[in-house]
Every structure is written in C-alpha cells, then in structure tokens.
Amino acid sequence: MLLLLPLAITWFGAVALAPFDGRRRAVGVVAVGVMVAAFVALVRLGITVWTSGPVEMVAGDWPAGIGIRLRADGLGIAFALISLGVLLAALAYEVLGGVHERSLPSLVLFMSTGLTGVFLTADIFNFYVFFEIAMTASFVLATYGKQVGHLRAALTFMVVNLLGSVVFLAGVASLYHVTGTLDMDGVAERVNGAPTASVLLIAVLIFVAFGLKLGLFPFHSWVPLVYRDTWPAVAAMLSAALANIGSYGLLRFGAGLMPRELSLTASGLIVIGSLGILYGAIQAVSPRTAGEVIAWSSIGQVGYILVALGIGGPVGLTAAVLYSIINSLNKLVLFLAVGLRGWLVGAAFALAAFSVAGVPPSAGFFGKVAIFRAGADADRVPLLVLVVVGGALSLIYLFRIYQRDYWARNHAAPPSPLGARVLVLVLACGIVFIGLWPEPLLALSANAAAALTGGGS
Amino acid sequence: MILALALVISVLFGCGAFLLLKRDLIRMAGGIILISNAANLFIVSAGLSRGREPIYPLPAGERISDPVVQALVLTAIVIGFGTVAVLLGMIYRTYTARLAKAVDEGDETGRTPMSMPPEDRVAD
Numbered sequence: 001m002l003l004l005l006p007l008a009i010t011w012f013g014a015v016a017l018a019p020f021d022g023r024r025r026a027v028g029v030v031a032v033g034v035m036v037a038a039f040v041a042l043v044r045l046g047i048t049v050w051t052s053g054p055v056e057m058v059a060g061d062w063p064a065g066i067g068i069r070l071r072a073d074g075l076g077i078a079f080a081l082i083s084l085g086v087l088l089a090a091l092a093y094e095v096l097g098g099v100h101e102r103s104l105p106s107l108v109l110f111m112s113t114g115l116t117g118v119f120l121t122a123d124i125f126n127f128y129v130f131f132e133i134a135m136t137a138s139f140v141l142a143t144y145g146k147q148v149g150h151l152r153a154a155l156t157f158m159v160v161n162l163l164g165s166v167v168f169l170a171g172v173a174s175l176y177h178v179t180g181t182l183d184m185d186g187v188a189e190r191v192n193g194a195p196t197a198s199v200l201l202i203a204v205l206i207f208v209a210f211g212l213k214l215g216l217f218p219f220h221s222w223v224p225l226v227y228r229d230t231w232p233a234v235a236a237m238l239s240a241a242l243a244n245i246g247s248y249g250l251l252r253f254g255a256g257l258m259p260r261e262l263s264l265t266a267s268g269l270i271v272i273g274s275l276g277i278l279y280g281a282i283q284a285v286s287p288r289t290a291g292e293v294i295a296w297s298s299i300g301q302v303g304y305i306l307v308a309l310g311i312g313g314p315v316g317l318t319a320a321v322l323y324s325i326i327n328s329l330n331k332l333v334l335f336l337a338v339g340l341r342g343w344l345v346g347a348a349f350a351l352a353a354f355s356v357a358g359v360p361p362s363a364g365f366f367g368k369v370a371i372f373r374a375g376a377d378a379d380r381v382p383l384l385v386l387v388v389v390g391g392a393l394s395l396i397y398l399f400r401i402y403q404r405d406y407w408a409r410n411h412a413a414p415p416s417p418l419g420a421r422v423l424v425l426v427l428a429c430g431i432v433f434i435g436l437w438p439e440p441l442l443a444l445s446a447n448a449a450a451a452l453t454g455g456g457s
Numbered sequence: 458m459i460l461a462l463a464l465v466i467s468v469l470f471g472c473g474a475f476l477l478l479k480r481d482l483i484r485m486a487g488g489i490i491l492i493s494n495a496a497n498l499f500i501v502s503a504g505l506s507r508g509r510e511p512i513y514p515l516p517a518g519e520r521i522s523d524p525v526v527q528a529l530v531l532t533a534i535v536i537g538f539g540t541v542a543v544l545l546g547m548i549y550r551t552y553t554a555r556l557a558k559a560v561d562e563g564d565e566t567g568r569t570p571m572s573m574p575p576e577d578r579v580a581d
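Protein sequences, first through last, are from chains U and E. Just so you know, the first sequence maps onto residues 1 to 457 in the working numbering. Just so you know, the second sequence maps onto residues 458 to 581 in the working numbering.
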C-alpha cells in the first residue's frame with residue numbers, strides 16, 4: 001500500500017486536473033500540492049526501505065512469479081526521489097512565473113507517475129509501460145510554448161525517442177526469449193544460463209536505447225537541438241528528471257541484470273564515456289546560446305556516469321549514483337536560471353556552474369571526488385587527468401555564458417517574477433548545502449549501489 | 458516460419474527507417490508506424506512456439522503456445538497507437554503554426570509547411 005501511494009497520488013491528481021485550465025493559478029497550486037503529497041509519500045516509503053529493507057508487492061494478489069511485482073529498493077528510491085523533486089521544483093517555478101498552457105500541470109503529474117513507476121517496478125515489461133507513460137507526457141510537454149521552434153524541438157525529440165523505445169522494446173522481447181521471464185530477479189538469475197553472445201547482443205540493444213534517452217556521446221545528436229529550443233522549465237524537466245531513466249536503466253539493466261556482460265564491456269564503456277566527456281566539453285565552448293552550451297555540457301557530464309559504471313564495483317556504482325543525482329540538481333538550476341532575468345539569478349547560475357566544475361564546497365565537488373576515487377582504486381591514471389581537465393573546461397564554458405548573459409547583456413528586459421527567482425536561488429543554495437553536509441547523500445548513494453550488488457538493502 | 462518472420466520484420470524495419478529519414482513529416486510518421494509494427498512482430502516472434510491455444514482446460518500431453526507474448530504485444534500495440542496519435546497531432550500543429558507564420562512573414566525557404574521546419578539561426 002505504501003508502495004502504491006506515490007503512484008496513486010500523482011495518477012489521480014493528473015486525471016482530476018486534466019479537465020481544468022492549468023493557466024489558472026489555483027489549478028497550478030493544487031498540482032504543486034499533489035506533487036508535495038506524492039513526494040512526502042515517497043520519503044515515507046524511503047524511510048521504510050532504508051531502515052528495514054526493500055518493500056515489495058505483487059499486483060492483484062497473484063502468486064509470486066505470475067503477478068507483476070512492484071519493488072522499492074535503495075536504488076529505485078534514490079532515483080525516484082531526485083526525479084520527483086526535480087519535477088516538483090520545475091512545476092513550482094512555472095506556476096510562480098505564470099503557466100502559459102492549460103495542460104502543463106496535469107502533464108507534469110502524468111510524467112511523475114511514469115517516472116515513479118519506472119523506478120519502483122521489478123518487471124521489465126512494466127518498466128517499458130511506465131517508461132512510455134513518462135515519455136508520452138514529455139512529448140506533449142516539449143511542445144510547451146507552441147512556437148515553431150518549440151514544435152521542431154518536440155518533433156525531433158519525439159522521433160528520436162520513439163526509435164529508442166522501439167530498440168528497448170526489442171531488447172525486452174529478446175530478454176524474455178532467452179530467459180522465459182519478465183521478472184527482474186528471474187531475468188538476473190537465468191540470464192547466466194543463456195549463451196554469452198546472444199546476451200551480449202541484447203545488452204548492446206539496451207545500452208543503445210538508454211544511451212539515446214540519456215544523450216550519451218555517440219547518440220547525442222538530438223540533445224543540443226532539443227534543449228536549445230524547448231522552454232527552460234521543460235528543458236529542466238527533460239534533462240534533469242526524464243534523462244534519469246537512462247542512467248537508472250544503465251545501472252539496473254547493466255549492473256543489476258547483466259553484470260557478466262557489463263564486466264565484459266567495461267573497457268569499452270570507459271572509452272566511450274571518456275570520449276563523451278572530452279567531446280561534450282570541447283563542443284560546449286563554442287556555441288552562442290545558453291541552452292545549447294548546457295546541452296553539450298550535459299553530454300559531457302553523462303560521460304562521467306558511464307565511466308563510473310564501467311569501473312564498477314561498490315565504489316564505481318556508488319559514484320555513478322551520486323554523480324547522476326548531483327548532475328540532475330546542477331542541470332535543474334542551470335536551466336531554470338537561464339530562463340530568468342534580474343538580480344539573484346546570476347548568483348544562482350554561478351553556484352550551479354561551480355558545482356558542475358566541481359569546485360568545493362558545492363555538491364559537484366563530491367561527485368568529482370567519487371569518480372576520482374573510483375578511478376584511483378582501479379589504477380586508471382588517464383581518468384584522473386580527464387576528470388580534472390573536464391572540470392576545468394566546464395568552468396570555462398559556463399563562465400562564457402555568464403559573461404555574455406549576466407555581464408554584457410543590457411538589462412532592459414523586465415525582471416522575472418520574484419517568486420521564481422527566489423526559488424532558483426534556494427535550489428542553488430541547496431547545492432551548496434549538500435556540498436557542506438554531504439553525508440546523507442553519500443549514504444543514500446552507497447545504499448543504492450548496495451541494492452545492485454546484492455549487499456545491504 | 459522463423460525465416461519468414463525475420464524477413465518480414467527486417468523489411469518492415471528497413472522501409473520504416475528509410476521513411477523516417479524523409480523531410481516530409483507524414484512520411485516520417487509512416488516510418489514510425491512501420492518501425493513500431495516491426496517491433497510488435499518481433500515480440501510475437503520472441504515467443505514463437507507451435508502448440509495448442511492456451512485456454513483452460515489445457516489438453517494433457519500437448520504443447521501449448523506461449524500466451525504471455527500475446528499480452529505483451531497487445532499492450533505494445535495500444536501504446537504504439539497512442540504515440541502515433543500524439544505524433545500526428547503534433548505534426549498537424551506544426552503544419553498550422555508554419556502555415557500561419559508563412560502567411561504572416563512570407564516563407565522564402567521554398568519548403569512546404571508539411572516538412573520539418575528549417576533551423577533558424579538564433580540571433581545573438
């Protein structure tokens with residue numbers, strides 16, 4: 001019951017709000033209230049998971065093995081919390097700044113349902129279904145603004161991601177073919193009995209699908225086009241919440257379901273990730289609009305997650321989880337700050353930029369330290385150099401935006417609503433606060449990684 | 458049977474991928490439809506086994522075909538149908554928005570409003 005609560009709250013909230021005009025302030029406030037309730041329910045579930053182990057339920061009281069299982073473990077809860085938190089912040093930001101379209105609040109709630117479901121399911125086909133709920137809501141959200149540019153971005157986003165979904169669906173069907181089950185535990189158990197070559201092929205299919213979602217280096221071409229042209233709050237939702245499906249999927253399917261294939265391809269993943277870090281950072285130096293720079297930056301940032309996943313082991317996986325969470329927070333603040341004008345905003349942007357570069361005392365520092373430690377444990381010296389170079393480059397490109405947008409621009413444009421600006425500043429201070437007191441987040445990530453490797457909850 | 462299905466899936470996917478790369482948005486939607494149907498066929502073929510229909514009471518001693526893939530493909534078809542509907546809606550919205558823009562400003566790009574909108578360079 002506890003497990004269903006966050007899903008049910010957002011789902012019924014979304015359905016109930018769908019007929020109402022989201023541009024009215026009251027509807028937006030109700031939607032934020034529903035999100036807060038779902039977030040509280042998720043925190044409550046999280047406390048149960050952290051103190052007494054994973055929570056499970058089988059839908060419809062079917063015997064285990066036949067019914068579809070929902071399961072909350074450390075990893076799922078960590079990703080669900082950060083994604084729901086990001087959506088909550090982005091929705092509150094949009095409500096404070098004034099909603100432009102009637103469907104926005106209800107769509108954000110639908111997307112929360114889909115995302116929470118993805119992170120709390122223990123069935124690979126159910127994973128696909130929730131994933132499509134979140135994706136469909138995001139396709140419509142991407143058109144927010146309804147200018148030709150927004151529509152073009154939404155079309156590109158939709159076509160590329162539909163292709164990714166088809167590839168993932170093929171991967172799920174093949175996994176079912178070789179294991180005869182859709183339950184994650186069953187798949188993890190039986191996949192070792194299948195021939196390595198066919199499982200490797202499936203692993204590649206799933207890697208491509210999640211790489212597309214996440215905007216990893218060789219599958220990144222849609223990212224700058226889409227993030228440049230979508231509305232800032234929507235770009236924040238897509239890149240800081242929806243993209244978490246990609247990193248969670250890589251962790252769950254790679255380290256959780258197919259660890260043998262993951263260790264076979266580990267060096268390849270590290271190479272792809274390192275190329276992504278360099279390529280994203282170098283490309284981010286040249287573009288002219290802030291959205292594009294952050295998009296290229298995010299391509300580089302997800303490279304770190306892939307590198308950490310490639311290094312593997314408890315240290316590497318903890319680093320991957322920690323980095324995904326911190327990366328979500330950074331991108332949330334960066335995208336939201338880009339959409340605003342007025343004083344306070346530049347400060348928020350600068351704080352998030354320092355976090356991306358990994359300057360202490362921001363949260364990003366601990367993300368970089370985790371990657372650094374994982375690289376040092378694995379004796380990979382080039383990686384250590386890469387982390388430092390990547391951090392330095394990110395400081396350069398983000399401060400080029402700062403120069404152009406906050407120093408050089410004349411502030412003739414009217415400042416944005418104070419509420420939205422204060423919210424962004426509070427979020428940015430949150431990043432610094434996590435940097436000053438990182439222990440809870442470190443424990444959360446270690447717990448999440450332990451859920452993958454079998455130890456702990 | 459396996460060969461026939463593999464051929465059908467590959468031809469469907471190939472045609473879909475070809476159409477997907479077109480500039481014309483309706484053809485692009487056609488490509489998505491073909492590709493998602495190739496995926497549906499792929500799911501059916503993942504549980505390909507000859508046998509009796511899986512309806513209770515099950516005949517003893519005979520092979521039963523796998524019912525799970527039917528349920529999966531039914532779900533996948535419904536999801537695919539929904540997404541194609543959203544895609545067509547979005548294409549129509551793009552069409553009307555570009556038509557309005559072309560009427561307002563005069564469209565010199567020479568493309569029809571039914572194609573992917575050109576990228577405008579963002580002014581600094």
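Don't read these hints as lab results, they were simulated from the structure. Some hints here could point you the wrong way.
The calculated label-pair distances, taken between Cβ atoms and stated as ranges, are [said to hold, decoys possible]: (1) U:Asp-379 x E:Thr-553: 42 to 52 Å; (2) E:Gly-471 x U:Gly-67: 36 to 46 Å; (3) E:Cys-472 x U:Pro-417: 46 to 56 Å; (4) E:Ala-557 x U:Arg-24: 19 to 29 Å.
Everything numeric in this text was worked out from a predicted model, so none of it was measured. Even glycine gets a Cβ: it sits at the ideal position worked out from N, Cα and C.
Check: Which of the stated hints cannot be reconciled with the structure, identified by number in ascending sequence?
Finding: 1
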